[in-house]
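Novice: One letter stands for each residue in the lines below.
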Amino acid sequence: MPSDGLFISPTLQSLRLTMDDAAVRQQAIASNIANVNTPGYQRVDISSTFQRAYTDALKQLSGGGSVDSMPEPSIETAAVQGPARPDGNTVQIEQEMVNLDQNSARYEFAAQMLANHFHGLKTAITGQS
Amino acid sequence: MGMIPGIEASSSALDVERTRLDVIAGNLANAQNTSDANGQVYRRKMVVFESKLNNALGADANMGSQVQVARIIDDPTPLPKVYLPGNPKSDAKGMVEMPNVNPLDEMVDMMTATRSYQANLQVISAGRSMFEQSLKIAE
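If you read the protein sequences in the order shown, they are chains U and A. Reminder that position 57 of the first sequence reads as 1338 in my numbering, one-by-one numbering, no gaps. Reminder that position 46 of the second sequence reads as 51 in my numbering, one-by-one numbering, no gaps.
Heads up, a few of these hints could be off.
To be verified - Straight line, CA to CA, 30 Å or less: simulated BS3-like cross-link-like pairs of lysine-lysine: (1) U/K1340 / U/K1403; (2) A/K50 / A/K98; (3) A/K141 / A/K86; (4) A/K98 / A/K86; (5) U/K1403 / A/K50; (6) U/K1340 / A/K141.
Everything labelled a hint here was simulated from the structure, so no lab data went into it. Quantities reported herein were computed from a predicted structural model and do not represent experimental measurements.
Please work from the sequences and hints to get the whole structure.
Specialist: Here it is, written out as structure tokens:
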């Protein structure tokens, strides 16, 4: 598309990637907190393959390069930070609540940066802020 | 995924904790009930939770699970016997079987259910503020 030059910059791509990652992680955290009392439930998080792909893509983008295809986030059973409770549940509610806070902050930060970026573009196009 | 991430899992948990609170209320109300609908001594009820895989997205069955009540079962622990010789349900020795409801256990369960409910409300609230923030991108 001819107008891609305006909208495909490394900043935008890395912000988009951050938002995708945070949105999917929010689902994983919600699932963990919802199942905190379910016997035998194993906590889930973003898959390790996606985490690696994500950090690689961010490194490429921060060097000013570009990424051919954005990695797709997915959820899988996560590493456990401590022993399972007697009923087999591996969710630690304090850790999940901290993750919830951090994750929504990351998402809102990325959304705010995107909003600023587009606001700047609009100012440049219309000449008014 | 829906607009608010994680809302299906969290709202299923709200339903489940509400059911648990209903069961706890029933246990406490019937703590001295020696004759329920079937004429039997009331037995303490417990809820068993299980995960329900969220298959709404089709291929990727691992996009976070909802929770549901698998079944409501009777607590199998033995019923305590109390010496009440005047009671119409007393046996030859004057002992009456009473419900196996321990109010302290019920109160602890009630606190767990309440905290869990609050935690899930917070998840929904965080998800909604994320969504509202993303609406502002195009403002």
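Novice: Hints first: check each against the structure and report whether it holds.
Specialist: Evaluation of the provided hints:
Between U/K1340 and U/K1403 the CA atoms are separated by roughly 29 Å; this keeps the pair inside 30 Å, and the hint holds. The straight-line distance between the Cα atoms of A/K50 and A/K98 is roughly 28 Å, inside the 30 Å bound, and the hint therefore holds. The hinted pair formed by A/K141 and A/K86 fails the criterion: a straight-line CA distance of about 65 Å is larger than 30 Å. For the hint linking A/K98 to A/K86, the alpha-carbon distance of about 11 Å falls within 30 Å, and the restraint holds.
For the hint pairing U/K1403 with A/K50, the CA-to-CA distance comes to about 62 Å; that exceeds 30 Å, so the pair is violated. Proximity of U/K1340 to A/K141 is assessed by CA-CA distance (about 27 Å); at most 30 Å being required, the pair is judged to hold.
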